[in-house]
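Engineer: Add chains V, S and W to chain Y, keeping to what the hints say.
There are 4 protein chains.
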Amino acid sequence: MKKNELKSLKEECYEYNMLLPSLGLVIYTFGNLSCVDRGRGVFAIKPSGVPYETMSWQDIVVLDFDCTIIDGRLRPSSDAKTHALLYRNFNHAGGIVHTHSTYATAWAQACRSVPIYGTTHADHLNHEIPCTSLMSDAQIDGDYETETGVQIVETFAKLHLSPEDVQMVLVASHGPFAWGESAEKAVYNSKVLEELCRMAQLTESLARKPERMKDSLVQKHYERKHGTAAYYGQEKKK
Amino acid sequence: MKKNELKSLKEECYEYNMLLPSLGLVIYTFGNLSCVDRGRGVFAIKPSGVPYETMSWQDIVVLDFDCTIIDGRLRPSSDAKTHALLYRNFNHAGGIVHTHSTYATAWAQACRSVPIYGTTHADHLNHEIPCTSLMSDAQIDGDYETETGVQIVETFAKLHLSPEDVQMVLVASHGPFAWGESAEKAVYNSKVLEELCRMAQLTESLARKPERMKDSLVQKHYERKHGTAAYYGQEKKK
Amino acid sequence: MKKNELKSLKEECYEYNMLLPSLGLVIYTFGNLSCVDRGRGVFAIKPSGVPYETMSWQDIVVLDFDCTIIDGRLRPSSDAKTHALLYRNFNHAGGIVHTHSTYATAWAQACRSVPIYGTTHADHLNHEIPCTSLMSDAQIDGDYETETGVQIVETFAKLHLSPEDVQMVLVASHGPFAWGESAEKAVYNSKVLEELCRMAQLTESLARKPERMKDSLVQKHYERKHGTAAYYGQEKKK
Amino acid sequence: MKKNELKSLKEECYEYNMLLPSLGLVIYTFGNLSCVDRGRGVFAIKPSGVPYETMSWQDIVVLDFDCTIIDGRLRPSSDAKTHALLYRNFNHAGGIVHTHSTYATAWAQACRSVPIYGTTHADHLNHEIPCTSLMSDAQIDGDYETETGVQIVETFAKLHLSPEDVQMVLVASHGPFAWGESAEKAVYNSKVLEELCRMAQLTESLARKPERMKDSLVQKHYERKHGTAAYYGQEKKK
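Protein chains in written order, with this note's numbering: chain Y, 1 to 238; chain V, 1 to 238; chain S, 1 to 238; chain W, 1 to 238.
Note: identical chains are not told apart, hence a pair may lie in one copy or across any two.
Pairs of lysine-lysine, BS3-like flavour, derived with a Cα cap of 27 Å:
hint: 1; residue 1: K214; residue 2: K81
hint: 2; residue 1: K214; residue 2: K158
hint: 3; residue 1: K214; residue 2: K225
hint: 4; residue 1: K191; residue 2: K158
hint: 5; residue 1: K225; residue 2: K81
hint: 6; residue 1: K158; residue 2: K225
hint: 7; residue 1: K185; residue 2: K7
These are calculated hints, taken from the structure and not from any lab test.
Here chain Y stands alone, though its shape is the one from the complex (with noise of 0.2 Å):
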């Protein structure tokens, strides 16, 4: 493979992640995006622990699905396992984003899966926002990385959900993972997960025991953009 075929997926690579703290996701080096060209079989990611004012487009490492390098001369995210792991499971992900959003992390860190308390969060996912289990200890011992897309990957199984449904996941004790078909829709994800959490924390502060909203209220919205006969937006949906 020649290496200026894959200039134009760095590039794309380097531009979504530069969003990330612009929206106020990610300070210093909490967070990641990939993007995949599923073509060439290889993925995108930023390199390990390099601040975003410095960061360019040259930095960013291609690898493939086992996580052999393919191009770049830095280091890859110490969480490219995950992200690998996710990509071979979510075939339809385009673009993958970790970060240690404030909010969705405090949720991580509560180890609670997210209730649907209203239509901006049924706008977007007709399930809760689930949080994985702990891992065990050996999951943690092992091959770690790898590990944590597993967990991901175990809880949707575990809870019946599809990856293109439900584009969003807690890891417990740790923080969110996001995806979506492209790199931009995965940044869409993160930054609309984020807020879904503050507007879920801010609700359960105001009510002791708030209640999941209407089913037919979550379905409704859900339809309304993602049904067979959504009416939202300027695009028949599939």
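Structural biologist: Quick look at chains V, S and W alone, frame taken from chain Y:
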């Protein structure tokens, strides 16, 4: 009706829509503003699902009160029917704003009206900010967006409230709507609503059982801004 | 008195008023600042209901301590009588600021004085930030804005507090007032008050029954900034 | 020692002090940074009570570890003795930052150490962020600022903590101190501390009795960044 006659209405709609993200009330496409031309019996509204960053005034859609498109090449906001229903029932409304602003949405998600805790609230309305009851499944499965407007109008009827006196409402499990005699005033009310919700949430965090402020003080602050002998501001109120 | 003699007072008043929105203490017209010329027996104050964005120094209104307009073509802030009463009673005050800043207003709405929880507070005052009691209906129905000032002055008398030592107060169900020997100091005190209120709210959220800090530490921090042997800053305190 | 030999130390001190307000850690004069030249046995520190907006690098004061002024025409920060005591005891420290940042100060005011609730914390230290005990009246009435440093050093001794491993502390009823091998790292630690405190406060608001995260996960995250086989970032750790 000649299309260029609608240009100024569309420009006004564009201009005030653009204030919503800059005032921190909207991220992505989480909101919409409309403004009305009562003489022509039409209103202009944001197109559905178009990001604020890429929108131009030419993208604004003009509808009559039955939501027939009079001008515009894009699909209108999916909430257009709610706006239309409100324009038909709230005769003085010149502009309507719907957002998912964080604190107002949290109160709506907690399905709670916002009590009057202080003069900042009483400067704007002498009633709690009403929250509708939950919609019935029949309403949700029916003409949902029109029914959202019906829910608001019925809430005002049941509480004997005038939409000229109370220019904001929370839709349970959903979020806020605000209006005013102009688009500018509707934006102002949306921002004030968000701030009142934030102050009230903090007030409750500080006082186990905060009490509604004294009624005489509510009336005093409301009257000095809005009464027949109002003395706030530079112009006599009607 | 020649009008152009008042130009610098009006410019000063304009300049420090404009800091309030930029410091995040005021949205729209939710606040006002005045500054005094004791020699001439007049004070300059923001006009009522004029947005900060469109205000110019020429819009500032100059009043004597009976609130007779000495200079200016607009109506003064509706709170002008409160300012006048405070200038008559707090002889050292050179500037007064009234805002509805979020956290200070929340404490005022909870009708609570702000306890001393840490040295940030003790660096500025060695007493809790007092909250007035509620006004009587007679006060509210009478000369309301003058009575607001009376309420503040009586609170200080009852608590044996000097307005030179404690330069801030919360008016119950309403919001904060702050003052200082200059307009600059009054703005500083308004910002510090907001931050002290925010820290105290968070402190209470973390500790079920947080305790007032040790008295010896209160005195130490207050004295190192304000005592006869103060050693903070570049100038000897009086 | 020639004064111009100190220019680069003073410029470095100035530059990193100026980051504190821009990172949202300091308003007005609520903080100070120092950096050390171990070869010369001196450190540079912010002058006392000088606002960040008007400060220049020439205002920086250089002291030896007994706080004798070596260079500078202004009085040093009133906390200089705390810095000096820490430099004498924490040999690896190249820079020290003291702020009254909002969330860290709230934890200090609640007199609580910050529990490890997640990997963001464990990425930086594998111990709770310690909060000192309250100072005795004798300490407060004695050489207060030196005693503040003593209190920190004793807290580390009592908990058998290394200041190389744990580079931040809360002083009870006061606020945070952070340090690092350079001024840059000390600023980084101050910002991270504030964010960890904010996440932990939110975590507690979401979980009635949140638990310390699993110990194996604490070690894993700490070791992958700081252990002998660390693989985070671009350089081998020692």
